Every structure is written in C-alpha cells, then in structure tokens.
Amino acid sequence: MDRAIYRLRNLKERFTEVLYRDRNYAAQVLNHSTVPFALLYVSIPEIEAYNLYEKLNHRNKYAYDFCSEIAGGSSNFKQEKSPREKEIIRWIFRSGIVYDGLDSRFDRIIDVAAAVLIRQFNDLTILKPAIDIVFRRNKKGSFNHDLIWAVFSAHRPEVLKFIAEYLLSPDVRDRQLACRLLNIGFDNGQDNRTAYKKFISWLNENIKYINVGDFCQQLTSNPATYEVSLENKYLCKSVSNNLVTVDEEEKIRQFANLDDETKQMLCNYSNRLYRANRAQWRKWISLPLYRQIESTRRGGYE
Amino acid sequence: MIIISNRLITDFQNGYNEHTVQAQILKLMMEGREEFRYPSLQVLEFELNLRNLIVEAAVKLAHSGLRFLIFRESVCNEQYWQRTSEGGFVLREGVMPSEAIKDIYKNGHLYGTECATAMVIVYYKALLEIYGEQLFNRSFVRIHLMNWHYLDPKLREIGQIHKTSTFLPGDRVYFTNPDVDPKTPELQGENAIDLGGGLYYGHGVGIARAEAIINMLNQNRMPGATRSAYFMDVAARPDFTKLYNIMH
Numbered sequence: 029m030d031r032a033i034y035r036l037r038n039l040k041e042r043f044t045e046v047l048y049r050d051r052n053y054a055a056q057v058l059n060h061s062t063v064p065f066a067l068l069y070v071s072i073p074e075i076e077a078y079n080l081y082e083k084l085n086h087r088n089k090y091a092y093d094f095c096s097e098i099a100g101g102s103s104n105f106k107q108e109k110s111p112r113e114k115e116i117i118r119w120i121f122r123s124g125i126v127y128d129g130l131d132s133r134f135d136r137i138i139d140v141a142a143a144v145l146i147r148q149f150n151d152l153t154i155l156k157p158a159i160d161i162v163f164r165r166n167k168k169g170s171f172n173h174d175l176i177w178a179v180f181s182a183h184r185p186e187v188l189k190f191i192a193e194y195l196l197s198p199d200v201r202d203r204q205l206a207c208r209l210l211n212i213g214f215d216n217g218q219d220n221r222t223a224y225k226k227f228i229s230w231l232n233e234n235i236k237y238i239n240v241g242d243f244c245q246q247l248t249s250n251p252a253t254y255e256v257s258l259e260n261k262y263l264c265k266s267v268s269n270n271l272v273t274v275d276e277e278e279k280i281r282q283f284a285n286l287d288d289e290t291k292q293m294l295c296n297y298s299n300r301l302y303r304a305n306r307a308q309w310r311k312w313i314s315l316p317l318y319r320q321i322e323s324t325r326r327g328g329y330e
Numbered sequence: 050m051i052i053i054s055n056r057l058i059t060d061f062q063n064g065y066n067e068h069t070v071q072a073q074i075l076k077l078m079m080e081g082r083e084e085f086r087y088p089s090l091q092v093l094e095f096e097l098n099l100r101n102l103i104v105e106a107a108v109k110l111a112h113s114g115l116r117f118l119i120f121r122e123s124v125c126n127e128q129y130w131q132r133t134s135e136g137g138f139v140l141r142e143g144v145m146p147s148e149a150i151k152d153i154y155k156n157g158h159l160y161g162t163e164c165a166t167a168m169v170i171v172y173y174k175a176l177l178e179i180y181g182e183q184l185f186n187r188s189f190v191r192i193h194l195m196n197w198h199y200l201d202p203k204l205r206e207i208g209q210i211h212k213t214s215t216f217l218p219g220d221r222v223y224f225t226n227p228d229v230d231p232k233t234p235e236l237q238g239e240n241a242i243d244l245g246g247g248l249y250y251g252h253g254v255g256i257a258r259a260e261a262i263i264n265m266l267n268q269n270r271m272p273g274a275t276r277s278a279y280f281m282d283v284a285a286r287p288d289f290t291k292l293y294n295i296m297h
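One line per chain: the protein sequences are A and B, in this order.
In case it helps, our numbering puts the first sequence at residues 29 to 330.
In case it helps, our numbering puts the second sequence at residues 50 to 297.
It is worth saying that the hints were derived from the structure and are not from the lab.
Treat the hints loosely; a few may be bogus.
Stated by the list, open to error - Cβ-Cβ distance ranges computed for the label pairs, FRET-style: (1) Asp131/A <-> Lys151/B: 28 to 36 angstroms; (2) Leu286/A <-> His158/B: 55 to 63 angstroms; (3) Gln131/B <-> Arg221/A: 36 to 44 angstroms; (4) Ser277/B <-> Ser132/A: 28 to 36 angstroms; (5) Ile235/A <-> Arg205/B: 26 to 34 angstroms.
Claimed, not checked - Examples of chain B residues toward chain A, derived with CB under 7 angstroms: (6) Phe120; (7) Arg121; (8) Ser134; (9) Glu135; (10) Gly136; (11) Ala165; (12) Trp197; (13) Gly208; (14) Ile210; (15) Tyr223; (16) Pro231; (17) Lys232; (18) Pro234; (19) Gly238; (20) Pro272.
Bear in mind that the values here come from a model prediction, so they are computed numbers and not experimental data.
Ideal Cβ placement from N, Cα and C applies to all residues, glycine included.
Extracted from the complex, chain A is given alone in its bound form (with noise of 0.2 angstroms):
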C-alpha cells in the first residue's frame, strides 16, 4: 500500500477513537487548520452518523458539499468565485494529491477540483502537480483524461514546457506519454536529452506567439493541442495582447494571403531580426510586403 495511504488510515482510526470518546472534540480535530482533506474524506461517513456536520468549520463544510455535489446527491453547494472558496478548493487538491488513488471517488473530487481551479479562478499555480499527478497515474495505468484535459484547458504555453520534463524521463512510459501530448514522434532509441532540448528551444523561440487548445480526448484520437501564430511571430506580437493596431490589421489582412512557405519565411526572419537589432527590426517591418519578401529571400534586410 501506497505510504500516504497507509499513513492516512492511522490518522483515520485515531480520528475515530476520538469521535467515541468525545464528538465535540472530534470536529475540532477535523477543523484543525493543517488536517489534510483526505481525512475529511474518509471520514465522510462518520461525519453523517455522528451528526458531525453542524459542527464543521466552514472550510469543512463547504468541502464536505463540493464532494456531495460531484457524488450527485442532493447538496447545499453553492458554486462561489470568491477569494475564500478558491482557498478552500486549492486545500482540497494541494493536501489531497498527496492520497491520489486513495480511490475513484477522491480521484474524481480531485480532478474536478484542479478543473474549478484552472477554469473558473485562472490558477495556474496548480498546472505543475497536476501533470505530475497526470504521469503518476499513467504508470499505475489509471484514469486521467479528465485531469489532461483540466491542465489543457488553461491554454497556457507553461503546460508544454512541465510536459516536456517528462522527455527526460528515464522511464519509458513518461516519455511516450510525453511525446503523445506534446504531439511529436515518439522515438525509443532518441537521446532523451536531445529530444528535449529540440523541443524547449522551439518553445522558447515560439512561447509568445503559441495559442494551446483544448485537448479532447473524448472528440478524437489525435486531439490537436496547440500551433504557432504565424500572424503574430510576424509582428512579434504576444498572442496575449489583443490590441491591432490599423497598420498591423493592414499587414495581417495582406500577409494572409501569402503561401504557406512565404508565411513561414517571414515570421522566422521577423523574429530572429526581432531578438538580434529591434530598430532595423522596426524599419523592416515597415516596409511594403512585397520588398519584405525581397530582402527576405535576399537573406536578410541590410
């Protein structure tokens, strides 16, 4: 049995050698401010025998509904963005990791609660252990779609680059799962090391300027996770900042119609011009189009 676990069925019986003895003390020692939400779990059905509810403090409670609510049961959970219930959440998925595989249950609770946290309060301090959790739970071979598409769904270029740590991995399954979410060839003889360092200097090249999508695994076996804006590596302009200026909709509206290949010439150029001399930069990307493709092909803009 997993260490944690073992650890959290002591806590659990010493839990209820108190409620025998003393049910006000009990919920006292559920309240305490460093119990981890795995134990209120497990103790779910005491906390309903003993009446314990009522004496819950609100961070209890409103844990206890969140897992009655995602039990589909009748609950008094009442979906709040407040800065307090965001708390609470990241308490039950920061202690409860810890237990993930404790059962389908608490897994379910917890990746329900990464998804509140991503979704609904843009926490992005969670998207590290959740692929931490995402690739533990590929090698004990369970469930973890929701929890992948949880991560995902912050559309955040950062998720690649914690996926791609994996690359490093010495174990075989990390790196294949790895590979599958970052969508690349997955290789067994590749050096781990070279495979990653081609995959985090396209990434830190392109970080401004990648939109990541969602990946459903549920609408198809190849969910298409995130492309480069061309438009925007041409203007060296973050895909964050949704103001387009006049001239630059000018510039969009024209580089569109370009073939694949002039696209593509033109953003790598921009860009390397963009990182070495931003004033020749600025002067190059004023030009017309057409002289832009000219000096470009010329191999560079002098």
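Once you've looked at the hints, dock chain B against the given chain A.
Same frame as chain A, now just chain B:
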C-alpha cells in the same frame, strides 16, 4: 458530388427506394459540394450499406438499456469483457468477438460507459452485420473499448475528425460545450451518430434533434458561462475502402 474511377456521376440509377437511408445519402452526396471519390461502384454501394447499418446499430443501441456512466464508474458484463483500471473494456480471452458485441445489445443494462465508447460499439455492430460472424471474428480478434483510444488499425479513422459541409447519415459528429461546468467534464461535448432526417443518436441523450442535445449541454455549463454549446462542422468517417477490401 460523386466521382467513380475519376468520372463525375451526374445521374445515378440505383435500386434504392427513395425512403431508404441509402437513397438519402446518395441524394446528399450528389447535391453537396464535397467530393466523394470511389475506385468502383461496388465500394460506393458498400459504403451506402454500411452507413445504413451504422444508423440501424445506433438506433438499436439507443434502445438496448446501455447506461451512461463515466469511465471511473463504467461497468460491463464480466463474462465477455474485462474492465480495465482506466474504465475501458477488453475482450476476454477465449470469447468470440461477435458474441461479446452482441451481448452489449442483448444485455445493455449490464453495461455503462461514456458517449465516445458507445460510438465505437455502434461501428463494431454495423461491421458484424455486414461482414457476418466468421469474417468479423477473423478481422477483430482483440477489441479494447475506450473512447478513441486503442482503436483497431482497421478502424483508426473513426477517431479522426475532418471539416465537412456535407453531413451524411452514418457520420460521427460532435456537439461541443466550451463553457462546460468543470464538475461535469464528461459533458464537455457529445458524440453522436447522424441518423438522417435531422435526428442524432448520442449516448446519454438518446435519439434527439440537435437543439435538444445543445440544450442538454447548455444546462451543464459553469456559472457565468457566456458561450453556448454548438454543433461542430466536423465529421469522422471510417475508411470505407479499407473496410470493403477486407471483404474482397
């Protein structure tokens, strides 16, 4: 438009009664802008018949008692299938694939899964009907049912979507729910089989019109949602030529 052996077919004489699914499909193919190319008339006829069987298999599955259950709670008849730790079903050693597929239709109440897996079951049932038991059992020795994962290479294309403007009965289509409630990720969308006549079979909603499916998804959006669920302009289709070649 229909192109057979590089020839555009403008007047297709066929023996299908105008009320049949096959006749409906032909009409849509001829009138649509999309090109439907075939190496021979036989492949086209095979596709029409298989699409008809896909529609029939979808309607039968809707009435089979198969329950909608998330992967974590999925259930199957353990006599024929083994449930995996992910929630998929793997054909048991020594069990005839045809018998295992038929059991889902016969004892639907013993099974519960998500919408994508139901679509895969529909395809297997339709193939069982068109191939017959012997060929089916020879062609699909191992079956692993779990959405678009672990698909048999012969059926790989049913997991791949393509943009289309011509939707045909027997197509697998998708209704997406971009603002889905994070508490119900299983309702991030609904896979469905186009049954023709504006009807769809989606596992969990049953046989319904597009508006009803969209309404169901919209009822499961997160608080403050601004975007409605919608029908995506994509379809997934098996490689009919590849499946035809297995028979010949």
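* Asked: Are Gly208/B and chain A close enough, Cβ to Cβ, to be under 7 angstroms, as the hint says?
  -> holds, 3 angstroms
* Quick one, is the Tyr223/B hint okay against chain A at 7 angstroms, beta carbons? -> At 5 angstroms from the nearest chain A Cβ, Tyr223/B passes the 7 angstroms test, so the hint holds.
* Does 28 to 36 angstroms hold as the CB distance between Asp131/A and Lys151/B, or does it fail? -> The hint (28 to 36 angstroms, Cβ to Cβ) holds, given that Asp131/A and Lys151/B are roughly 33 angstroms apart.
* Asked: Is 36 to 44 angstroms a correct range for the gap between the Cβ atoms of Gln131/B and Arg221/A?
  -> Holds: the Cβ-Cβ distance is about 39 angstroms, inside 36 to 44 angstroms.
* Should the hint that Ile235/A and Arg205/B are 26 to 34 angstroms apart at their CB atoms be regarded as holding? -> Hint holds: Cβ distance 32 angstroms, inside 26 to 34 angstroms.
* **Restraint check, 7 angstroms cut-off on beta carbons, for Ile210/B near chain A** => Constraint on Ile210/B satisfied, holds at 5 angstroms.
* Asked: Per the CB criterion, is Glu135/B less than 7 angstroms away from chain A?
  -> Where the cut-off is 7 angstroms and the nearest Cβ of chain A is about 5 angstroms from Glu135/B, the hint holds.
* Asked: Does the nearest C-beta of chain A fall within a distance shorter than 7 angstroms of the C-beta of Pro231/B?
  -> Nearest chain A Cβ about 3 angstroms off; hint holds.
* Holds or violated: Pro234/B as interface residue toward chain A, Cβ cutoff 7 angstroms? -> holds, 4 angstroms
* How about Ser134/B: closest beta carbon in chain A under 7 angstroms, or not? -> With a minimum Cβ separation of about 5 angstroms from chain A (threshold 7 angstroms), the hint on Ser134/B holds.
* May I ask you to test the interface hint for Arg121/B with respect to chain A, counting a Cβ-Cβ separation under 7 angstroms as satisfied? => holds, 4 angstroms
* **Agreement of hint Pro272/B with chain A interface, Cβ distance less than 7 angstroms** => holds, 5 angstroms
Hint compliance for this structure: every hint is met.
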